[in-house]
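Student: The lines below spell out each chain.
6 protein chains.
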Amino acid sequence: MYLGDETWWDLEDYFDDESLALVPLGSTEQHGPHLPLATDHLIAEAFAREAADRTGYLCTPTVNIGVSPHHKQFYGTMWVDAETFRSYIESLTRNLAYHGIDRVIYVNAHGGNVDPLREVGRRLRDDEVLYAIEWMWDESIPELIEEVFEQPGPHGGPKETSLIQYLDGDLVHDDRLTDARDGGLLDWENEDGVRVHGARTFYDAVDNTDNGVLGDQTDATAEKGEQLFEAAAEQLVELCEWLDAQPAEDLMPKDHR
Amino acid sequence: MYLGDETWWDLEDYFDDESLALVPLGSTEQHGPHLPLATDHLIAEAFAREAADRTGYLCTPTVNIGVSPHHKQFYGTMWVDAETFRSYIESLTRNLAYHGIDRVIYVNAHGGNVDPLREVGRRLRDDEVLYAIEWMWDESIPELIEEVFEQPGPHGGPKETSLIQYLDGDLVHDDRLTDARDGGLLDWENEDGVRVHGARTFYDAVDNTDNGVLGDQTDATAEKGEQLFEAAAEQLVELCEWLDAQPAEDLMPKDHR
Amino acid sequence: MYLGDETWWDLEDYFDDESLALVPLGSTEQHGPHLPLATDHLIAEAFAREAADRTGYLCTPTVNIGVSPHHKQFYGTMWVDAETFRSYIESLTRNLAYHGIDRVIYVNAHGGNVDPLREVGRRLRDDEVLYAIEWMWDESIPELIEEVFEQPGPHGGPKETSLIQYLDGDLVHDDRLTDARDGGLLDWENEDGVRVHGARTFYDAVDNTDNGVLGDQTDATAEKGEQLFEAAAEQLVELCEWLDAQPAEDLMPKDHR
Amino acid sequence: MYLGDETWWDLEDYFDDESLALVPLGSTEQHGPHLPLATDHLIAEAFAREAADRTGYLCTPTVNIGVSPHHKQFYGTMWVDAETFRSYIESLTRNLAYHGIDRVIYVNAHGGNVDPLREVGRRLRDDEVLYAIEWMWDESIPELIEEVFEQPGPHGGPKETSLIQYLDGDLVHDDRLTDARDGGLLDWENEDGVRVHGARTFYDAVDNTDNGVLGDQTDATAEKGEQLFEAAAEQLVELCEWLDAQPAEDLMPKDHR
Amino acid sequence: MYLGDETWWDLEDYFDDESLALVPLGSTEQHGPHLPLATDHLIAEAFAREAADRTGYLCTPTVNIGVSPHHKQFYGTMWVDAETFRSYIESLTRNLAYHGIDRVIYVNAHGGNVDPLREVGRRLRDDEVLYAIEWMWDESIPELIEEVFEQPGPHGGPKETSLIQYLDGDLVHDDRLTDARDGGLLDWENEDGVRVHGARTFYDAVDNTDNGVLGDQTDATAEKGEQLFEAAAEQLVELCEWLDAQPAEDLMPKDHR
Amino acid sequence: MYLGDETWWDLEDYFDDESLALVPLGSTEQHGPHLPLATDHLIAEAFAREAADRTGYLCTPTVNIGVSPHHKQFYGTMWVDAETFRSYIESLTRNLAYHGIDRVIYVNAHGGNVDPLREVGRRLRDDEVLYAIEWMWDESIPELIEEVFEQPGPHGGPKETSLIQYLDGDLVHDDRLTDARDGGLLDWENEDGVRVHGARTFYDAVDNTDNGVLGDQTDATAEKGEQLFEAAAEQLVELCEWLDAQPAEDLMPKDHR
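Sequences listed follow chains G, V, E, P, D and H, in order. In this text, residue positions in the first sequence follow this note's numbering: the first is 1, and each later residue adds one. In this text, residue positions in the second sequence follow this note's numbering: the first is 1, and each later residue adds one. In this text, residue positions in the third sequence follow this note's numbering: the first is 1, and each later residue adds one. In this text, residue positions in the fourth sequence follow this note's numbering: the first is 1, and each later residue adds one. In this text, residue positions in the fifth sequence follow this note's numbering: the first is 1, and each later residue adds one. In this text, residue positions in the sixth sequence follow this note's numbering: the first is 1, and each later residue adds one.
Any given hint could be a false lead.
If you want a taste of the chain P side facing chain D, the calculated C-beta under 7 Å gives, among others [claimed, not checked]:
1) S140
2) V196
3) T201
Some but not every residue of chain P turned toward chain E, in silico, with C-beta under 7 Å [stated by the list, open to error]:
4) G4
5) Q30
6) K72
7) F74
Just so you know, these hints were derived from the structure itself, not from any lab. Positions of the beta carbon are idealized from the N, C-alpha and C atoms, including for glycine.
Let the sequences and hints guide you as you build the complete structure.
Tutor: Next up, the structure:
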């Protein structure tokens, strides 16, 4: 059920019967020469809507702009400061509790949002407002990703490319996949200089890559995208069901020992 | 030009040549028994994209959740506190300036966002970051609205109903227009008790209306929606052109006398 | 009853019996060549004290400096940022509740304070601390103002000029009324360029006027001032009585539908 | 020169020629059975206006409500949180710098404001905005106070009583001076329990006194008030002259050694 | 009992039986040519640990960096803004209450922390979280200090020098005591220019002293240090016992009169 | 060079010649039945001091209390909110820049501080104040750790146990190592329920472990601790040298592409 399409009359039953909401969040940031800036929020929205359709749980509208200062040197990247993002998400989530929501899944598709969302989840849980967790699609199917791609990325790699090819292929510049690979950083995992004697020394994507992306984009296809989407959507569906099955009191902080 | 669909490669020329951006903002809040909660952000997005299409100026993704605590008693209304909203908008706008944007139009479709956006605009201008103004479609065509409707609303009235009928008719429950009118407040302008001896005494929509909406919804048609959309979109196009034509220094605060 | 003049011994009965307070607020800002910078806080104080005298309700000391960045280019204008103003007013009002006050009228005489005060009122009401509303004298007698003046202003116009002529005539430079009119903006309502295609495009008073004021000041007299003062003070008295008569629970937010 | 009474036209010369401002600040708080709650802001205003009259320097309107949570248990005490107070004073002072003010004297008459004002002064100076110092009348004439009173107070004692008797005698309940003394704490300096093994252990006035005041109020007279006022006003005048004579660069932070 | 050395197993009994904690706080700032920058936090830690050893009450780890902007011009001084310091201390103290602590002594050895700690104590008490007071060793033995030294300082004077000579003599440059005295300000109490007509006019240590210290350091000996340490430690022990003996309800704010 | 032990005289040369500082940070939190609550800040301090000794770079005093709400259910855990921690660290680091420091290594030994420190580093770098990076000892020697331990932990495991056995063996309860292992979670990596369908579902240590620790503590020895310490200290030394060798401009954000 997509909240944005419903009237308040038609939502009454949901809030009477259920207490779970899916909140999609992404970013608007450079994804190389071949992918649109909307990549992350399109992906988040697609997963959240799909899981809502399959399960009947409520999906809210999407938060399109997140924590992306590390991509700022590339044209068009939009971002908000991390603390501002946390406040915005905290405020809107806190207010969902007014309608009786007591468990939230942040369907997230942007790495830069992960820590801020965990921190917001902690604030809300420690205040006993509600229980919120962050989910990223690729974290739910790590084996499949390793199986499908040799150099998955992460950022702007074949993993994300395949998904957008599947979800909205017109947005992908298929003729630039070689450019994406050759102007980017192919083997992120084994790159020198990303960590120096144990310290992560870079702050911005531009510090490591010329065109902002990682991995081998030429390995991407819409078919792989579909395969990934199906697998991860199913994981999200199962997460919804798991979360819905938890007793409310188990989701709140345990007492002092 | 819609920023979300573009790659950073394809945005370079825009940022080299232009310095104006359209930022659509709305809300996710009850709009009576007949309209979807997405109404305001759908409208904002439609106008901003249309003006961007007609003029070539850049339109960003939409901010879907705004300042709507006054609708909270109705199922599904989402909102953030006003100061949180201001910070979020200020942060994302401030960062647009990094790419060279020096003038922004907030294409807004929610009354509760107006004052916060004006305040953000002041902060940005007083700091000489950039010049941002707020635009609401109905403020641009007051005569036409008066001409077309006897009881336009505002909130959830025939004005907004017509627009959604035109933009995405499936989202309107046409069979509830009479319910909307009869369960709401028909004549907002002349209602007693909204102002008492000069003071606005109510805070929430629920204080005045049973179903959350104002005006005579039975007066709405998709044709009127199209007429309004065309007229206001044209106003926005002209505003873009006017704004683009202003010398940058004229947009900054004047010196002390 | 004026709180500032009383000892705590003499206030005990009031707080035992009553729960309403009048809080006057204004600004310290330019009002053209003819009116003192204190204009707005003098007016607010005069109305609040008068209503307190007539009704016996409690009036607090005045907040003299408000949200006036839009007048900064003129010598002597003092102001605080809007969020700072909100915090200051919220804090002092919240603390009135400690003594048992549960309803407050902000007797305001400055347009720039209106939205901030509404926002503070919302915070206090949504937190169920107390119920506060904002009142501006000219909003309570719109017909009389239209009847008395052809070009009332608003800012620094004959409306405010008459009031100060009546309240403290020595502070008005009567010999500059023609200067005020001729160096200002006579017909604010019909001025081009204040709104462009529906967007309010100006931020500062200096953007529209040379001397900072609006309307036809030559139309002001102390007699008109007295007439306005009497009429609006009576409105405020009636507002006090209306507010006092409301059951406390009716002033708090309604429950979720 | 009192800013509140002037028009912006008449202030131009001052801001062209001078760069010093006096800002009076007090509190609205209980002062025992005999003194009005306005005591502190009346005193601050009287000194600031007097010094402005004698010297020609600019005096702004008064900040009437300060940091008085320690008096809250007594009817009518108003207060704001310390950080809110700091923000409000910082914001209004910062904005005075826009007109060219580079040195400010906070003419303060409330102990609870002292530390917050010092902290604001530091922020403004460390940011090289301007130089602000805090002045309290009784700190300027300690010998005279010791000479005139055996038990001066401080809070609500004969020192403050005399001043109000002189400044506005109608506000003093002379028939309650014995009550004030007998129901309060006579000898504050030698009171046990105020400090325990070196730690100040009390937080609120009510922790030490029944009626909220200190010292021997029966020792107060309007004549003593005049004597104190004259002496301290003269100190403030000299402080203005001293401050005005300092080179601007001497008032800013020294460089790193 | 020192919290840092214990396991959580071994703390259970303490939290079951007791509710008092000692929190040492100091600064890291210049103390002249002869004393280490750690002086203040070493002293705070020494007193807090000693009192904990003698009484069995719990001592937490030390907060080493405090509010020292007034020493910034001297090499190596570290500091945080006052409001940041308050937040940090408030947060860690508030969380001690989670384990059942309801009374805290801030064992402080830096003048710049005094007012911030009092303010934090007020916030915590007014919110009825717990009762916290600030203690400085030299405030507990004023007569002894006057007796032992002719020019005690305060900052970096013989008082602090003696203590460090006693606590960790290797850290004192005994060969620079004459330099310390001759390059500093000997007689702080009688110095002209520190107060001008009642106003404290300086902000930074460098404004008054060349080498950053006050008093006659040549008067310091480890024996005097021991004497002071013993006397003040005993005061702190007695303060712990006094505080522990207070009924919890007596430590909370009194009701409104 | 340890800043806390030095006088400002003796620091002048360092600040003239060098611009790097090591800032140790840890936490005060439960580490199972066998390790002291100080574990993390002891480790951080030991590494930072050691690297400073070996290289001559400056080491500051330690921040002992960090972001540990996830351990709160165990007796004695101290913590501050993440945003408070960020402000505190940002403020003290920002002020190091006043003395000319332009590169900082946060020598951190607590996982909960990692993300906050990265965020602070970003703020400082984006504002072009200085370049700060976070280093954790175990991240610098992952192969060695895997080689030495089968079940390293992380929290309170043999890795940390060995280090404290080496650094200050008296603080370890060697007789509880079996308890630690058996009452904790042995195989963290392969534990079910820590991630559910890709989402990290737990917030607090108590959610997973009975006694708060992970790994096989019986595998710890002081010899292993020494081996780890030597290896990681050497990494930190090399990091210092690498960082010192970077041109200042390379450490600041790159320009917009």
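Student: Taking the hints in turn, state whether each one holds.
Tutor: Do the hints match the structure? See the list:
no.: 1; hint: S140; verdict: 3 Å, holds
no.: 2; hint: V196; verdict: 6 Å, holds
no.: 3; hint: T201; verdict: 6 Å, holds
no.: 4; hint: G4; verdict: 3 Å, holds
no.: 5; hint: Q30; verdict: 4 Å, holds
no.: 6; hint: K72; verdict: 6 Å, holds
no.: 7; hint: F74; verdict: 4 Å, holds
When held up to the earlier numbered hints, the structure conflicts with none and fits them all.
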